[in-house]
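Participant: The listed protein sequences derive, respectively, from chains A and B.
First residue of the first sequence? That's 294 in the working numbering, and the numbers climb one at a time after it.
First residue of the second sequence? That's 294 in the working numbering, and the numbers climb one at a time after it.
Don't read these hints as lab results, they were simulated from the structure.
Accuracy of the hints is not assured; some may be wrong.
Stated by the list, open to error - Output of the computed footprint for chain B on chain A, the stretches with three or more beta carbons under 8 angstroms from beta carbons of chain B: (1) 594–606; (2) 612–621; (3) 712–718.
What the hints assert, rightly or not - The calculated label-pair distances, taken between Cβ atoms and stated as ranges, are: (4) A/Gly-714 / B/Gly-720: 52 to 62 angstroms; (5) B/Gln-417 / A/Ala-702: 48 to 58 angstroms; (6) A/Leu-635 / B/Glu-659: 33 to 43 angstroms; (7) A/Thr-295 / B/Gly-457: 27 to 37 angstroms; (8) B/Pro-721 / A/Lys-451: 45 to 55 angstroms; (9) A/Lys-451 / B/Asp-699: 39 to 49 angstroms; (10) A/Val-397 / B/Gly-457: 34 to 44 angstroms; (11) B/Gly-334 / A/Gly-497: 44 to 54 angstroms; (12) A/Thr-295 / B/Gly-334: 32 to 42 angstroms; (13) A/Glu-614 / B/Gln-417: 35 to 45 angstroms; (14) B/Gly-457 / A/Glu-614: 26 to 36 angstroms.
What the hints assert, rightly or not - With a Cα cut of at most 30 angstroms, we get these calculated DSS-like pairs of lysine-lysine: (15) A/Lys-342 / A/Lys-321; (16) A/Lys-524 / A/Lys-499; (17) A/Lys-640 / A/Lys-560; (18) B/Lys-520 / A/Lys-693; (19) A/Lys-520 / B/Lys-499; (20) B/Lys-386 / A/Lys-693; (21) B/Lys-693 / A/Lys-499; (22) A/Lys-524 / B/Lys-693; (23) A/Lys-386 / A/Lys-451; (24) B/Lys-640 / A/Lys-524; (25) B/Lys-321 / B/Lys-386; (26) A/Lys-640 / B/Lys-524; (27) A/Lys-298 / A/Lys-342; (28) A/Lys-386 / A/Lys-321; (29) B/Lys-499 / A/Lys-693; (30) A/Lys-552 / A/Lys-499.
Cβ coordinates follow ideal geometry from the N, Cα and C atoms, glycine included.
There are 2 protein chains.
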Amino acid sequence: MTETKLRRDAIQILRASLAAADPVQAVKRHVHVMGDQLIVGRRRYSLSKFERIFVVGAGKASAAMALPVERMLGRRITAGAINVKYGHTANLKWIELQECGHPVPDRAGLEGTQRIVELVRAAQARDLVLCLISGGGSALLPAPAPGITLEEKQETTKLLLGCGATIHEINVIRKHLSTLKGGQLARLAFPATLVALILSDVIGDKLDVIASGPTAADESTFANALKILEKYALLERVPPAVKARLEAGARGEIAETPKPGAAELSKVQNLIVGSNRLAVDAAQRKAQQLGYRTLVLSTSISGETRDIAAMHGAIAREIVESGRPVRRPACVISGGETTVTLRGSGKGGRNQEFALAAAIEIGGLERTVILSAGTDGTDGPTDAAGAVCDGRTVERAERKGLNVFDFLARNDSYHFFDALGDLLRTGPTNTNVMDIRLILVG
Amino acid sequence: MTETKLRRDAIQILRASLAAADPVQAVKRHVHVMGDQLIVGRRRYSLSKFERIFVVGAGKASAAMALPVERMLGRRITAGAINVKYGHTANLKWIELQECGHPVPDRAGLEGTQRIVELVRAAQARDLVLCLISGGGSALLPAPAPGITLEEKQETTKLLLGCGATIHEINVIRKHLSTLKGGQLARLAFPATLVALILSDVIGDKLDVIASGPTAADESTFANALKILEKYALLERVPPAVKARLEAGARGEIAETPKPGAAELSKVQNLIVGSNRLAVDAAQRKAQQLGYRTLVLSTSISGETRDIAAMHGAIAREIVESGRPVRRPACVISGGETTVTLRGSGKGGRNQEFALAAAIEIGGLERTVILSAGTDGTDGPTDAAGAVCDGRTVERAERKGLNVFDFLARNDSYHFFDALGDLLRTGPTNTNVMDIRLILVG
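Put together the whole structure using the sequences plus the hints.
Facilitator: Encoded structure:
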């Protein structure tokens with residue numbers, strides 16, 4: 294197999310995984326209407342048993358997710374309200390869109406959330422609430438608890454970040470300062486039937502983490518939240534209203550978030566319709582169709598990009614040298630999201646830097662191609678989704694007078710691959726299930 | 294499978310790989326004497342055809358490699374001389390050991406090398422030269438070319454390191470300032486038969502890289518060496534004798550190092566008897582015997598330890614969650630050598646830090662064990678070879694009041710695992726084929 298063929302295959306495999314992550318496709322793959330039956334994953338609902346259907350949601354991809362829902366349910370939708378990021382709209386007929394601030398919530402977000410709360414609260418035992426959740430859904434569904442302002446909530450988050458609190462700890466606090474997060478949207482909908490369709494943008498696909506889990510059981514408590522503030526000596530530094538609420542909660546004066554097994558969650562179905570894992574699965578199927586022996590390393594890879602890239606390169610080298618961990622024609626797939634520690638002032642993104650560092654590692658290997666791409670189509674502040682390299686990339690660059698080490702030192706992967714014509718440009722995909730990386734050895 | 298059983302298996306698998314890397318075992322596995330036949334790998338030599346047998350060598354493990362050679366050939370050995378690091382001796386009868394400086398060569402090294410040169414030069418067409426090479430063999434076989442002092446050679450290396458020259462570039466220069474490196478020991482032995490037994494401590498096991506390749510063909514030239522000095526603007530900064538020699542060589546006034554296909558190399562057999570790959574192979578066989586499905590990721594993994602550990606942890610998590618890349622009971626094996634960027638002033642080594650970072654990544658996973666160990670038995674400046682962790686390590690540490698993040702931030706892996714009783718202590722093994730890492734999911 295030539296590098297040209299391998300590159301073509303790699304792009305086909307990437308396309309298959311992007312299709313699986315596409316919000317419209319993701320919903321269509323998991324939700325069907327057949328006559329009176331609404332089929333969601335493995336569950337079936339009789340549409341005639343519902344008096345009303347409400348559609349709510351929040352997230353960058355939620356407008357796109359609503360498109361197939363409208364196509365399937367059409368005029369059966371009683372009313373709908375979804376919060377999206379400015380510009381992330383779609384042409385909807387039955388569902389209202391509210392464009393709001395992200396990543397910093399704004400007044401528009403608060404207003405949109407109010408409308409969502411009204412609809413969900415109105416739902417009764419014979420009603421269905423469809424909830425469309427995607428990445429960004431936390432900031433796009435701001436719902437500070439009574440007595441707490443949005444600013445006080447943000448101030449608290451800022452203090453926690455400054456102390457090095459983990460994202461898990463921050464989420465515990467956030468859920469207990471909110472009226473919707475941590476399963477409280479589901480409680481509000483009870484006793485209506487609630488079906489949440491979820492596009493996951495986080496490692497591990499934990500329901501209580503994605504968009505702070507508005508429809509998922511929450512294991513954390515007010516007491517946990519207080520303990521975290523104490524741990525970082527923030528109890529006297531957070532806004533007094535925040536401290537007062539958490540203390541009242543810990544004394545049992547405020548209702549806890551719904552815990553696993555709670556009756557209020559008994560009519561909830563949470564279904565992940567799009568995720569890095571599903572995108573990786575689709576890549577694997579496509580690679581198998583194309584005749585590759587496939588190996589999925591992991592869908593939860595994080596860490597410093599250049600080191601993770603070096604390890605991918607070492608695996609490629611091993612395939613070439615010893616046929617391990619998988620024999621050629623081989624396609625190794627990994628997912629997740631790495632980080633870049635900026636050292637220079639160049640232009641790039643984590644996926645382009647991944648390809649740049651990988652190019653060094655596989656330099657000289659024949660019939661070896663590595664591709665890395667963000668499923669959102671915009672890698673860092675660039676117009677590319679990622680880049681592709683092979684065993685000759687470093688040499689080709691050198692002939693053009695480009696030194697790969699210099700570009701890596703400057704974090705200037707964009708200009709390196711642009712000069713070689715090896716950027717991947719998909720355009721924004723309006724979805725995000727993190728990144729896909731491929732090693733192909735033909 | 295319990296964590297206890299998995300840990301026991303992990304240590305058994307590690308032991309099998311250490312045995313494969315043991316210098317005595319490594320030689321015994323690849324070299325046999327049957328009657329008149331000396332069998333080295335796939336080649337056979339008729340001992341009666343040799344008039345004399347000389348044994349030479351250099352490296353930290355070379356004394357131990359000589360033990361089985363003496364046991365097999367005994368009084369057939371005419372004479373022998375091996376340079377070893379101070380203290381790295383063995384009880385030999387026919388072969389002289391010279392203890393010398395490492396990593397900085399010293400006068401003892403020069404004297405030992407002189408003795409080796411005399412023996413090799415004395416060898417004739419009907420003689421056999423056995424050469425035992427292992428890690429450290431470059432510094433332990435100092436042989437500056439005529440007109441160049443050891444100090445001038447070292448000064449040149451220092452200048453190159455200061456300019457950020459690659460190890461490959463430095464080796465090109467070194468070989469052209471030496472009378473033995475870059476295949477020149479083999480040329481000296483010609484027309485005798487030369488058999489080199491090599492214990493590799495470098496990624497990729499390249500014959501021309503291990504100990505600067507005294508018995509391997511060299512593709513680089515005096516012209517290349519000059520170009521490298523020009524590239525870093527060092528031509529006028531290196532000692533004048535160095536510049537003069539390289540320029541004379543480039544004009545063809547000094548013989549080049551032997552190139553691939555050179556007649557002087559026609560009677561050479563180079564055989565790698567120990568390497569990370571062979572150690573990984575042994576680990577794989579043992580794991581299979583113990584009933585694990587095995588997967589070798591790569592034997593050439595480098596990079597920042599904590600990031601590489603995170604990626605190993607992500608693979609463990611994927612095995613638990615989706616049965617990929619290999620189904621349980623799974624044993625994933627990787628080799629190579631990572632680096633640690635020191636941030637704190639704790640005590641540890643790359644293998645212990647690997648286990649520490651991996652423990653965070655696999656926190657909460659059941660029946661999941663990760664082990665990392667240096668095959669030399671001394672990880673960093675500690676008395677441990679490495680450490681072992683499982684999904685409960687972080688929690689166990691917390692109960693003892695030890696915070697894993699704090700220890701990682703301080704690079705204090707030794708004290709973390711010492712407190713938990715999870716250090717691996719093998720004692721110094723007198724060998725080095727880099728590191729072995731295991732993921733076991735039962």
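Participant: Hint by hint, note whether the structure agrees.
Facilitator: A quick look at each hint next to the structure:
Check on the segment 594–606 of chain A: 9 of its residues sit with their Cβ under 8 angstroms from a Cβ of chain B, so the three-residue criterion for coverage holds. Under a criterion of three residues with beta carbons nearer than 8 angstroms to beta carbons of chain B, the stated coverage of the segment 612–621 of chain A is upheld, 3 such residues being counted. Three residues within the 8 angstroms Cβ limit are the bar, and the segment 712–718 of chain A against chain B gives 0, so the coverage statement is violated. A hinted range of 52 to 62 angstroms holds for the C-beta pair A/Gly-714 and B/Gly-720, which are about 55 angstroms apart.
Between B/Gln-417 and A/Ala-702 the beta carbon distance is about 53 angstroms. The supplied range of 48 to 58 angstroms therefore holds. For the pair A/Leu-635 and B/Glu-659, the beta carbons lie near 38 angstroms from each other, so the given range of 33 to 43 angstroms is met. Our hint of 27 to 37 angstroms for A/Thr-295 and B/Gly-457 holds, since their Cβ atoms are close to 35 angstroms apart. The hinted window of 45 to 55 angstroms between B/Pro-721 and A/Lys-451 holds, with their beta carbons roughly 51 angstroms apart.
With their beta carbons about 23 angstroms apart, A/Lys-451 and B/Asp-699 fall outside the hinted range of 39 to 49 angstroms. A beta carbon spacing of about 42 angstroms between A/Val-397 and B/Gly-457 agrees with the range 34 to 44 angstroms that was offered as a hint. Our hint of 44 to 54 angstroms for B/Gly-334 and A/Gly-497 holds, since their Cβ atoms are close to 48 angstroms apart. For A/Thr-295 and B/Gly-334, the Cβ-Cβ distance of about 35 angstroms falls inside the hinted range of 32 to 42 angstroms, so the restraint holds.
Between A/Glu-614 and B/Gln-417 the CB atoms are about 38 angstroms apart, so this pair conforms to the stated range of 35 to 45 angstroms. Distance hint for B/Gly-457 and A/Glu-614: a CB-CB separation of about 28 angstroms, consistent with the stated range 26 to 36 angstroms. Taking the CA atoms of A/Lys-342 and A/Lys-321, the gap is about 22 angstroms. The hint holds against a cut of 30 angstroms. Distance restraint check for A/Lys-524 and A/Lys-499: the Cα-Cα separation of roughly 25 angstroms lies within the 30 angstroms cut-off, and the hinted pair is therefore satisfied.
About 49 angstroms separates the Cα atoms of A/Lys-640 and A/Lys-560, which puts this hinted pair outside 30 angstroms; it is violated. With a C-alpha separation of about 19 angstroms, the suggested pairing of B/Lys-520 with A/Lys-693 holds against the 30 angstroms cut-off. Distance hint between A/Lys-520 and B/Lys-499 is unfulfilled; the C-alpha atoms sit about 56 angstroms from each other, more than 30 angstroms. With a C-alpha separation of about 60 angstroms, the suggested pair B/Lys-386 and A/Lys-693 falls outside the 30 angstroms cut-off, and the hint is violated.
As the CA atoms of B/Lys-693 and A/Lys-499 are separated by approximately 29 angstroms, the hinted pair is consistent with the 30 angstroms bound. A hinted pair counts as satisfied when its Cα atoms are at most 30 angstroms apart, and A/Lys-524 with B/Lys-693 qualifies at roughly 17 angstroms. In summary, the hint linking A/Lys-386 to A/Lys-451 is not supported, as the alpha carbons are separated by about 39 angstroms, beyond the 30 angstroms threshold. Among the hinted pairs, B/Lys-640 with A/Lys-524 is consistent with the structure: their alpha-carbon atoms are about 27 angstroms apart, no more than 30 angstroms.
For the suggested pair B/Lys-321 and B/Lys-386, the alpha carbons sit about 18 angstroms apart, so the restraint of at most 30 angstroms is met. At most 30 angstroms may separate the alpha-carbon atoms for a hinted pair to count; A/Lys-640 and B/Lys-524 meet this at roughly 27 angstroms. With a C-alpha separation of about 54 angstroms, the suggested pairing of A/Lys-298 with A/Lys-342 is violated against the 30 angstroms cut-off. Among the hinted pairs, A/Lys-386 with A/Lys-321 is consistent with the structure: their alpha-carbon atoms are about 18 angstroms apart, no more than 30 angstroms.
For the given pair, B/Lys-499 sits about 29 angstroms from A/Lys-693 by alpha-carbon distance, which is consistent with the 30 angstroms threshold. Among the hinted pairs, A/Lys-552 with A/Lys-499 is consistent with the structure: their alpha-carbon atoms are about 15 angstroms apart, no more than 30 angstroms.
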